[in-house]
Amino acid sequence: MHRLRVATSILGLVAVWQLIVLLKWVPDTYFPSPLATLQALWAGLLSGELSKALAQTASRALVGCIAATVVGIGLALLTARYRRLRQAFDPVAEFLRPLPPAALVPMAIFFLGLGWKLHGFILMFACLWPVYLNASSALKAVASVQLRTADSFGYGGWDRVLRVQLPAALPEIFIGIRIAASIALIATVVTEMLAGRDGLGFVLNEAAMTLRIPDMFAALLLTMLSGLVLNAVVLAVRRRAVGWHVGMTASNRG
Amino acid sequence: MTTAPILTVDHIGKALGGDARKAPTQIIGDLSFDAEPGEFISVVGPSGCGKTTLLMCLAGLLKVDTGSVVFESNALQAPPPGIGVVFQDYSRSLLPWRRNVANVVFGMKRLQGVSEADKQARARELLQHVGLRGFEDFYPWQVSGGMQQRVAIARALAAQSRLLLLDEPLAAVDAQTRADVQDLLLSLAAEYKQTCVLVTHDVEEALYLSNRVVVLSQRPTRVLRNITVDLPNPRDQLRTRSHPEFLRLREEVLTLIKSLPKAH
Amino acid sequence: MNRFWDKTWPALALLAAVLVLWEAGARMLASPNVPPFSVVMQALATNSGVIAPQILQTLRRALIALALAIITMVPLGILIGRIRWLGDLLEPIIDLLRPLPPPAIAPLVMLFAGTGDVAKITVIFYTASFPILINAIDGIRGTHPLLHTVSRSLRLNRAEALWNIDLPATLPVIMTGIRLAVAAALLVSVTAEMLLSTDGIGVYLLRSQETFRIADGLAGICVIAVVGWMVNAAFLEIDRHLLHWHHATTSE
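Chains as they are written, first to last, in the working numbering: chain A, 1 to 254; chain B, 1 to 264; chain C, 1 to 252.
Just so you know, the hints here were simulated from the structure itself, not pulled from any lab data. Treat the hints with care, since some could be wrong.
[To be verified] On the chain B side, residues computed to face chain A include the following (Cβ under 10 Å):
#, residue
1, LEU61
2, ILE83
3, TYR90
4, GLN142
5, ILE257
Positions of the beta carbon are idealized from the N, C-alpha and C atoms, including for glycine.
Put together the whole structure using the sequences plus the hints.
Pasting the structure below:
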């Protein structure tokens, strides 16, 4: 039933799209029909231009997201263990978080060039804060009953952090990871658009500049698709890692 | 009695809260009592008299400001091996990402030289002992409140503690379950010769379970009276509760608590 | 005061350590690519006349787009949340569009709206819309069923119930969405300027790069960080004032 509704509304969207083209509400040089877009997509995938760009963008976003997750959680565990470290680090993170990753690109090019180092730095900067700040506040918010339980059974120091606080905080940490995943894609595409030589962002920009509009739409479609896939990957990992939480919330509701 | 007490609470005082603007509130003021090995002691008092704070101090989870808590002739600084705690908020004190068996194994951290497999086996045994056969591999949130409390009790026993502290363990379960778990506690205490200190607001529960009831005053809390409960063992929900001595003690304690001026 | 100091000194110490390391490291390297902190601050002082109007442009556009997003998306979210068939129709489309990175639509917007204010505001508006819309939908659906009963027993009509009960009850969730939108709008307004360059702090950064004025560029980044932090802090303060009843009931 749910799938049917989703299919209906997506078909409806395509129909409206087609209608706009048919009625020539906008010049069709700027707004290709769904079919023309699909053709461009197919051709681009076959020729390798789009498929290569897709692979580059998706792998960058994925690797960046994983790296930021590992570093972010690691940092949060350290600051959860050592209170002074958290007091030092949290305000700095709060301060750096609103800084747009794109704003760093022009200056970062000087230090890091145009290659993978640039992508890595921008991605890490963009994705680290949501993971770290979510993890840090989740680790801090673990119920005091659970902490006392740990204390009373002799779990102190790292034992308490890793065996009680981390599992308890993990469901909330995944909220940060999901945000980081969507930011990873945004940061990848922006970096590719501003300083790229390849990837979907670069194709998007170039197709627009050279007025290959169906190609641009095809790249846009693929970007959207990578976003959906990336989100699905995070959700799948979450189901494996914190299945207990999914079950618990479901049983509380039912 | 001739045996040395397992726990000595010696003139302790504890204040909580307070910051730059507000002075801390004195919760416990000059409180003393002892627990002999094998005793089942209940601590009762008017609501808001700092029972839970007292229990946290006994467990070493809170440091006392004055006086000392001596457990097996060592003054408490931190939660020591040998004291198990069953918390009031049992549904959250059980770790929801661990199945019931794993929750009981969690309590065995301080057991020396026991293999992981042995811990598993012992945990299953304990769960069956508290009446949870067939629920060993459920998650705590998949079983009822009464069962969760049994898991928490099994976990506390798993630590092989010589002193079991119980913080209103039955405040949030229905009457039937409460009676069942009370009888379970009695039989476990008898079987393991377990020294227990139970904190409760339920005077009847206190009398039903204990050899001795410690009645507390309102804040700042001290001991009003030590009452020895001389009721025939084994206890029975019907006969014990209608025993003339039970009724007399109940009236004595309730009158004592009622005579206190209300806090706020 | 003492407690405040006790909580704050580690952050100040870290900040001081970073700045000292930066200054000392840059002076030791003595490379034109790595200006020391003091040089960046000098650049900030000399360029403040250039930077200030640019950052105001950026903020102006972010604010307009944000206001538009709030005015349109809160009512739309309430409609989608309240009217079932509308939700069935539009929600899959929202879910589909949500993962599309906002900057990716910049080239598309450029085709229709050029590179002026309208184009940039469109991109920011698109970005800011999602968190507000989604929170408005979730919020209105999440209102406690008891409130529904209350409004029925008070014999309120639909509009009265919406205004007097549903909207205030949903406000905390909507405010969370707006807070996310504020942060996103700031991020994307700079990004949009860099992609659709005419003016604003983003363009200032690009120009600094093209002319190899690294210290000037770093000064611009410092300004963005401070302004972003101030805007977020200011909004948190507004949120606290507007929702004091909510925070009073939910804080432990």
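Results of checking the hints against the structure:
no.: 1; hint: LEU61; verdict: 5 Å, holds
no.: 2; hint: ILE83; verdict: 7 Å, holds
no.: 3; hint: TYR90; verdict: 9 Å, holds
no.: 4; hint: GLN142; verdict: 6 Å, holds
no.: 5; hint: ILE257; verdict: 27 Å, violated
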